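*Asks:* Chain X is already provided as a structure; the job is to place chain R on it using the hints.
Sequence lines, in order, name chains X and R. Here the first sequence is numbered in numbering that gives the first Met the number 0, starting from 0 and rising by one per residue. Here the second sequence is numbered in numbering that gives the first Met the number 0, starting from 0 and rising by one per residue.
Rather than coming from a laboratory, the hints here were simulated on the basis of the structure. For clarity, every value in this text was computed on a predicted model and none was experimentally measured. Treat the hints with caution; some may be incorrect.
Mimicking BS3-like on lysine-lysine, the simulated pairs with C-alpha atoms at most 25 Å apart in a straight line are [as the list claims (entries may be wrong)]:
hint, chain 1, residue 1, chain 2, residue 2
1, R, K151, R, K437
2, R, K363, R, K431
3, R, K363, R, K482
4, R, K546, R, K147
5, R, K544, R, K151
6, X, K58, R, K147
7, R, K544, X, K58
8, R, K363, R, K484
9, R, K151, R, K536
10, R, K363, R, K441
11, R, K363, X, K61
12, R, K715, X, K61
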Amino acid sequence: METLLPLMVGSLFAAGLYFILHRHLFKVILGLILFGLATNLFLFVVGGLTRGGTAIINKHEKVAVEPYADPVPQALLLTAIVIGFGIQAFAIVLIRRVYQTFKSNNLDELRKENEAH
Amino acid sequence: MFYALLIGILAAAAAPLLFRAIGRRVVVPMVLIALLLFVYYCTFLPQVLQGQNLVEQYSWVPELGINLQFRMDGLSLLFALLISFFGALVMLYASGYLHNDRLLGRFYLYLTLFMTAMLGLVTSDNIFCLFISWELTSISSYLLIGFKQADKNARTAAWQALLVTGLGGLALMAGLILISISADSYTFSGLTEQRQLVQQHIFYLPAVILVLVGCFTKSAQFPFHFWLPNAMAAPTPVSAYLHSATMVKAGIYLLARLNPVLAGPDVWHYALMAAGGITAVLGAVLALQHTDLKAILAYTTISALGLLVTMLGLGSEYAVKAMLVFLLAHALYKGTLFLVTGCIDHSTGTRDLQKLHHLGPGMKYNGWAASLAALSMAGVFPFIGFVGKELLYESTLESLLLLAVNFIAGVAFVAVAIIIGFRVFWRKATDKTQLQHKAGFKLYFPPLVLAGIGLLLGVLVSSVPSPLLQQGARAVLADETAKLKLSLWHGFTPVLGLSVLTIIAGMLVYSFLPAIHTRVTALQPVYKYGPNAVYHKLFEQFLVKAKAFILWLQDGYLRSYVMYIMLFFCGLLLFTLQRDTPGINITDRIYQLQEVRLYELVVLFLVIAALVYLLGTRSRLTSIVVMGLIGYSAALFYILFGAPDVAITQFLIETLTVVIFVLLLHKLPAFTYLSHQFKKYKFIAISVLFGSLMTYVMLLVQQQAIPSELKKYYGKMSYMEAHGRNIVNVILVDFRGLDTLGEITVLAVAALGIFSLLRLNPEKGGKP
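If we strip away everything but chain X, and leave its shape as in the complex, we get (with noise of 0.2 Å):
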């Protein structure tokens, strides 16, 4: 598994890419989903992967017993899973301001409307 889901994740980080790069605003809100998804799951990868054991101590140790999956990345996946879904929240309303303002969401568009002015 250590093989494919490097595979995984760079598929997720190449359509997050392309949908960034769209002109529609609603996929380029999709591209950012995906492309923090890739990322954190990118982190994960590298910070290394350990099957089954979970970074929680047993009831009757006082140290934590290999093999155990490393917390560190998993306390900053946490935090930026978090932080991803307050920027996404204010994205997905943000669109729909724009949308409610020019009745478009075709970037190119914006762009005329802001030189009209």
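*Replies:* Relative to chain X, chain R alone:
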């Protein structure tokens, strides 16, 4: 010396305030400040004349060799006295010249700032100190040329002067730094001691070229001479002070200051002689073609600067003496002539030679001043100009070419001297030019003083200027034994014959001047290819190209920016990867594939299938659902590889995102097909490149597992110290609790933003 400069800067800053407080009487304190500085520098005379060098030093950034180091020797003192004395006279003159100007306070600010910068330039020993002053003179020159801001010509000329001298300044800085690197010293005195190191260093040639570019732009040497005539758009006191007597000589000063360091190799001497010689002849020839008095003076100034550079290039003891004497003489007579021209302009409203006749009776004092200065310019006995001219001839006797250069310049000077000293003022004419008003005391006193000093120094040449010039020559030659004994009368020598010949030739040229003026129109096409035209063409092209470049790079489309960033990132990554990273061990990788479990494969294919579907779909609802699917699959992977907390968070967040999307979906527009076919392939290529690079990086990183100290630390400590069994949770709420607080704050800010976006209606005046 440092405090003198501080006083100058304070006086400059106070000038506008004083003008507001006491009006036009601001001239009194400004002249007094300049005189005070003059007297202050005079107190150095006794010590300097005995051959002592006074040094002053304050640390600034000693680690980088940037210190406030000042040094006073003969050369510095000569310039400092000239600058402060001239400054006082020009301050007085300016109040007469600009007597109705509402911005007089600002003018004094610029002028005093310039004077201070110039004094700093000639007294600093540290190269950075010198450079700062150098740039300050460029900037104050820019402000002064553009003083009549309403005039477009003035603005263009100011901009041109700043660009040319500013670019030269950059070259100069690079050159000075190269020199100081090669000798590991940041002071001129230190560099002079280490001259061997400098001259043998591989940086010598580039350093010389850069320094010469800096000095040539400042001192208007060919091919950078074109900014000086344009700079005559400045008010006349500025032209007299900056563009004839002092600032343009800053380049000469620096060349003289560096002469002991850089002189020796042929390239230095030949470069100076070539540039100086061409400039001297060019200036002389061009001066005779103009009818605007200020333009004539500007071109003779260029010619004189060329002569000074030539003499420095010659570098013999005689030549250096000639240079110093001529420099002093030129500052005195050219300053006078400029000031007189300013008076003429002021009183008659024109500077055109062909409209000015028989001004003498109306402007007696100015006429005298002009005639005295003109006699000095023509090199007539017993003015200091005569001494200068004799020395110039004497030092070039051995080289026919340089003698010719001197002769041509000399002839032009005589012709110009006759024009200003005689024709404009005293030649009888039937249609006498009417004066609009008489020139007041402030307008005739300063030129008269300068012209008088020119005569006085000539008569007393052996006693008054001689000792100081001798110290100056010693500084330029770095030779403590150099002798400079000036005398007015050398007897009947071939040089005297040459002087007489020059004057006769000058008179001849003068008599042919009307013919020359009618013929010069034929030369107009040539000027289309001159340096000035080249400058304007380059300038325009630069603006056009810069605009095109900016529009190309920053076209305002989000995707272009993202694309550039990603391409640059990929480029960096590829560059690093191809340098010294090992390849991927493929056999190991294939072996690892055997460990893949079936359920893992199912999730993986789910993600890939979802991605493919997402790329093709045009329905918003389906894409949201598919996005949720991908998010859940990611969560499954987190569970499979031992991260249940992350997985739970991912589940939650993914659900929330889908909910928000669906809630707002009816407000969002439908997909429309928006991409061009060609661009689509470009984007696909970039995306695939980026994705595969990331895959490659991940595979590489996996190959080199780094044992994590942190993992061990948290594994050991989370129960012992924080009494929690779930290590990830303990890290978040205990070990890195403050970070989590920051995270909560970010969420709160995002929530605020979302709230205001949803509730705020800018169309209805910003109220909810």
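*Asks:* All the hints need checking, so say for each whether the structure fits it.
*Replies:* Here is how each hint holds up against the structure:
At roughly 29 Å between alpha-carbon atoms, K151 of chain R and K437 of chain R are farther apart than 25 Å, so this suggested pair is violated. With a CA separation close to 14 Å, the supplied pair K363 of chain R and K431 of chain R stays within the 25 Å bound. Taking the CA atoms of K363 of chain R and K482 of chain R, the gap is about 41 Å. The hint is violated against a cut of 25 Å. Distance restraint check for K546 of chain R and K147 of chain R: the Cα-Cα separation of roughly 29 Å exceeds the 25 Å cut-off, and the hinted pair is therefore not satisfied.
Straight-line distance between C-alpha atoms of K544 of chain R and K151 of chain R comes to about 24 Å, which keeps the hinted pair within the 25 Å bound. Between K58 of chain X and K147 of chain R the CA atoms are separated by roughly 87 Å; this puts the pair beyond 25 Å, and the hint is violated. Using a Cα cut-off of 25 Å, the hinted pair K544 of chain R and K58 of chain X is violated, with the two alpha carbons roughly 71 Å apart. In summary, the hint linking K363 of chain R to K484 of chain R is not supported, as the alpha carbons are separated by about 36 Å, beyond the 25 Å threshold.
The hinted pair formed by K151 of chain R and K536 of chain R meets the criterion: a straight-line CA distance of about 18 Å does not exceed 25 Å. Simply put, K363 of chain R and K441 of chain R have alpha-carbon atoms about 14 Å apart, close enough for the 25 Å limit, and the pair holds. For the hint pairing K363 of chain R with K61 of chain X, the CA-to-CA distance comes to about 108 Å; that exceeds 25 Å, so the pair is violated. In summary, the hint linking K715 of chain R to K61 of chain X is supported, as the alpha carbons are separated by about 8 Å, within the 25 Å threshold.
The structure does not agree with the numbered hints 1, 3, 4, 6, 7, 8 and 11 stated previously, though it agrees with the rest.
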